[in-house]
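Asker: The listed protein sequences derive, respectively, from chains A and B.
If you number the first sequence the way this note's numbering does, the last residue is 324 and the count never jumps.
If you number the second sequence the way this note's numbering does, the last residue is 294 and the count never jumps.
I should point out that these hints are in silico values taken from the structure, not numbers from a laboratory.
For every residue, glycine included, the Cβ atom is placed at its ideal position computed from N, Cα and C.
Among the hints, a few may not be true.
As the list claims (entries may be wrong) - Now the stretches of chain B that chain A is said to cover, found in silico as 3 or more residues with beta-carbon under 8 Å:
{"no.": "1", "stretch": "133-143"}
{"no.": "2", "stretch": "224-232"}
{"no.": "3", "stretch": "247-260"}
{"no.": "4", "stretch": "270-276"}
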Amino acid sequence: MSMERYILSRVIQIIIIFFIVMSIIFLLFRVIPSDPTSFLLTPSMTAEAKEAIREQFGLNEPIITQYYLYFKNFFHGNFGNSFYGGRSVMNIIKERMLNSIFLVTTAVILSYIIGITVGKAIAWKRGSKTEKFFVGLGLWFYTMFTPWLGILFLWIFAFKLHLFPLGGMITSEVWIANPSLIEKICDLIHHLILPLITYVVLWFGGYMLLMRNSMLETLREDYIITARAKGLKEKDIRDKHAARNALLPIVTAFAISISFSITGAVLIETVFSWPGIGRTIVEATLRQDYPLVQGAFAIITIVVLIANFMADIAYAYLDPRISY
Amino acid sequence: MKKKKWKLIRQIWDLIRGSTFIKLGVSIIIIFGIMAVFSPIWVNRNPEIYDPIIGVDPDVHGSEGPSLKHPLGTDYIGKDLFSQLLRGSQIAFILGIMVSVLSTTIGTIVGLVAGYYGRIVDIILMRLADIILTLPRLPLLIVISGIFGTQSNWIILLILSFTFWPTISRVIRSQTLSLRERPFIESAKVSGVGNRRIILRHLAPNVLPITFYYLTVTVTGAILVEAGLSFLGFGDPSNMSWGMMLKWCFTTGYVFKAPYWMIPPGLCISALAFSFYLIGVGLEEIVNPRLKKR
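Turn these sequences into a full structure, and let the hints steer you where they fit.
Answerer: Have a look at this one:
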């Protein structure tokens, strides 16, 4: 099968998965035991007002029509309005998604770079005390309870030492005063550092261990022995011969890590009151703001699907041995 | 027969002794095991004060620091934090191990069946696994818990297992695919052994090391995800897990004032998750010859 056909078949697969997932979401929200409008309606409301709200959310239509409307609205980017405040769900999600992507991509890239560099180095020193120490450290942080580490950092660096703000993404007083762009960026970075460090500390371990295992397998290959026999420098063998080939499995891990990083984002955003999509889905669910929950969940799923797809393509492109 | 059993126990013992990772992991688990067993003893001395859910100390107002009566202090309404911590270790063990056993069993069976039968069975099962894998786990759990309204640990157990089996089944499947082509399977088929017997007697024992690895690693995942759910407020309100302890500490505003309340539950979650993962890594180093020292 050629590369083009492989990509095409993956695209078709992903579209099918997308429709199945969206249908699952649709069904989930239609089996809600309680009436979703009950959270909108206060007892003082008139019957007409209640009816108008049912009408607005299409709850009077038969289920098939609702299903059709659901997809139609989805492709028009229309997820309805939030039960609270009445803002368009799409606008809320757009804004929150950007905030999340800003935090998560910075964090993933940083932990990726640190993890790979350290992993490479410790695989080379197989069996040494340094290796054992870093493996232990990586494992400990990898299995650490995310919100707890976040709270610890907040307690030490923000509450005790007053180095960083206690949460949020911006200081509104600073932004209202109409500051220069540099001041705005500084304020943003000031808020970003603590959640970012938490993220990187928690996630570099996973990449590091993966890189180490992958390196250890690569180091047993014949071409490493050949490189040694040729008398190449140790550093060149490590960086140019072994590490490049060891990177392959890490690419696939990247896609999985996107899905994991969403779990991390939900928890870290909640601890640091970061106005991202993860915190949005938690708050919306707690308030039973169903249009917002449904929209946020759909968008998160789509992001994960696209990430998986890109990793597949990257992998196929990087490794000529792969049979599609 | 008895001799054989002893030999097996000796073998497991040697395995544990040989690996630093497994030794450390097992030691931590034993500490938490003692905590879980000690829980009813501590509570039953005086359930009215020490019960982790309904017990309240009438002499305490607000959260107070550690004392002789309450070794870890009390929470915002005067409940004993030490008994909550002990109860939490029971829940973490029960939930973690049950999720792990359930999802590893399903994952292994699905992987074996998909890999052995191939064709349409394989396609259907693996696409199903793909779909579940692409669903973001924590948001999915949040949404499901939100929809069911009243959460119970049983629902959490079921949906956790539901999201954990696909990873395992994919690995087992790829292993089965390569095993299927080996001569001993061929000869079993030729001599007329039934499909079910081939899977149970010839394939299953060969994938067992992987199953054991996932058995331990899944406990870690389950403990962390359950704690995360409880921390976010989607836990079983009729019980007190570690995640929920941290949640109450966080939401009642004691998080920076009461380190005696904030530190223990998070430390316990991390340590227990760590210990099961260590055993998994130790097993991996033994089973995967490619990771052994040159």
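Asker: Does each hint fit the structure? Answer for all of them.
Answerer: Hints, one by one, checked against the model:
1. 133-143: n = 10 at 8 Å, threshold three: holds.
2. 224-232: Holds, because 6 residues of the stretch 224-232 of chain B bring their Cβ atoms closer than 8 Å to Cβ atoms of chain A.
3. 247-260: With 4 residues closer than 8 Å to chain A, the stretch 247-260 of chain B meets the three-residue bar; holds.
4. 270-276: n = 3 at 8 Å, threshold three: holds.
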